[in-house]
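Enquirer: Sequence:
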Amino acid sequence: MSSLIGTAGWAIPANDRPSFPAEGTALERYAAVMPCLEVNSSFHRPHRRGTWERWAASVPDDFRFSAKIPKEISHVRRLVDATDPLDRFLDEVGGLGGKLSVILLQLPPSFAFDASLISSFLRAASLRTDARIVCEPRHASWLTQEADTLLVDHEVARVAADPAKVPEAAQPGGWRGISYRRLHGSPVMYRSAYGEERLRSYASEIAADLAAGRQTWCIFDNTASSAALGDALILMRLFDCASSATHPVQRESTLTERAQGSGVHRHDP
Numbered sequence: 233m234s235s236l237i238g239t240a241g242w243a244i245p246a247n248d249r250p251s252f253p254a255e256g257t258a259l260e261r262y263a264a265v266m267p268c269l270e271v272n273s274s275f276h277r278p279h280r281r282g283t284w285e286r287w288a289a290s291v292p293d294d295f296r297f298s299a300k301i302p303k304e305i306s307h308v309r310r311l312v313d314a315t316d317p318l319d320r321f322l323d324e325v326g327g328l329g330g331k332l333s334v335i336l337l338q339l340p341p342s343f344a345f346d347a348s349l350i351s352s353f354l355r356a357a358s359l360r361t362d363a364r365i366v367c368e369p370r371h372a373s374w375l376t377q378e379a380d381t382l383l384v385d386h387e388v389a390r391v392a393a394d395p396a397k398v399p400e401a402a403q404p405g406g407w408r409g410i411s412y413r414r415l416h417g418s419p420v421m422y423r424s425a426y427g428e429e430r431l432r433s434y435a436s437e438i439a440a441d442l443a444a445g446r447q448t449w450c451i452f453d454n455t456a457s458s459a460a461l462g463d464a465l466i467l468m469r470l471f472d473c474a475s476s477a478t479h480p481v482q483r484e485s486t487l488t489e490r491a492q493g494s495g496v497h498r499h500d501p
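Going by our numbering, the first residue of the sequence shown is number 233, and it counts up by one from there.
In short, the hints are calculated from the structure, not lab data.
Quick reminder that beta carbons are idealized off the backbone N, C-alpha and C, glycines included.
Some clues are possibly wrong.
What follows is a list of derived Cβ distance ranges for each label pair [unchecked claim]: (1) V312 - E387: 21 to 31 angstroms; (2) E255 - R370: 38 to 48 angstroms; (3) L359 - A246: 28 to 38 angstroms; (4) R310 - T381: 19 to 29 angstroms; (5) E260 - H371: 15 to 25 angstroms; (6) D293 - L359: 21 to 31 angstroms; (7) R320 - R249: 35 to 45 angstroms; (8) R249 - S348: 46 to 56 angstroms.
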């Protein structure tokens, strides 16, 4: 199993540039150190399949992408009559090939749990992609045994989000074959940095998930004040310390060289 720590997008703020190679595109430089990223721009606008193919060609073979389902599907249509836009999106994002690992479905805060609707959508989506689907609901009605059971039946993980409106939303749920954390920044959403002290607990949680045999993602979305990448680098270092205490991590020399002396290392997906 693997730990996949990254950010929403691949911008490299000035303060973090010394940890990355100086040459190459921003994506190439990011992927030289980080093992994954979450593409959020697909939520706002479509990208041509050729664009996804170019991104896939820019990163190492073991790099992995998560792609966010368009808002037309989740927020405008609210999963109703969404077959055509879903097919278009999955055809476009299919340009990533085997580097596409996760499809992220984030639902509006007003989207209450509807067993029939969500089951129908997840069934249709799973038949159209080999990527794992993870769901970030933001309505309290999803934090029930019924909702968790439905997600388990469809092998869909519930995202653990911070900040969480209720404590249960801060922990992964649904199908537990994969853990997916989205850290949006708190107390100021999208802006606050987490810092080393708070990230220590996440490092321990990730180590525990890996020990349980789960693929584990942790995506930092606190990008508005350029805090995300710095937090991700800290967590990678802390995770190395936490995991080595219980399960030694093997590192390839090529990955160490790729990190360009940054002090952080990639983990095989």
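Enquirer: Now tell me, hint by hint, if it's right for this structure.
Expert: Each hint, compared with the structure:
Distance hint check: the CB atoms of V312 and E387 are about 23 angstroms apart, consistent with the given range 21 to 31 angstroms. The hinted window of 38 to 48 angstroms between E255 and R370 holds, with their beta carbons roughly 40 angstroms apart. A hinted range of 28 to 38 angstroms for the beta carbons of L359 and A246 is inconsistent with their spacing of about 45 angstroms. A beta carbon spacing of about 22 angstroms between R310 and T381 agrees with the range 19 to 29 angstroms that was offered as a hint.
Here the CB-CB span from E260 to H371 is close to 39 angstroms, at odds with the stated 15 to 25 angstroms. Take D293 and L359: their Cβ atoms lie about 27 angstroms apart, and the range 21 to 31 angstroms holds. In this structure the supplied range 35 to 45 angstroms holds for R320 paired with R249, their Cβ-Cβ distance being about 36 angstroms. Checking the proposed 46 to 56 angstroms range against R249 and S348 shows it holds: the Cβ atoms sit about 50 angstroms from each other.
The earlier numbered hints that this structure contradicts are 3, 5.
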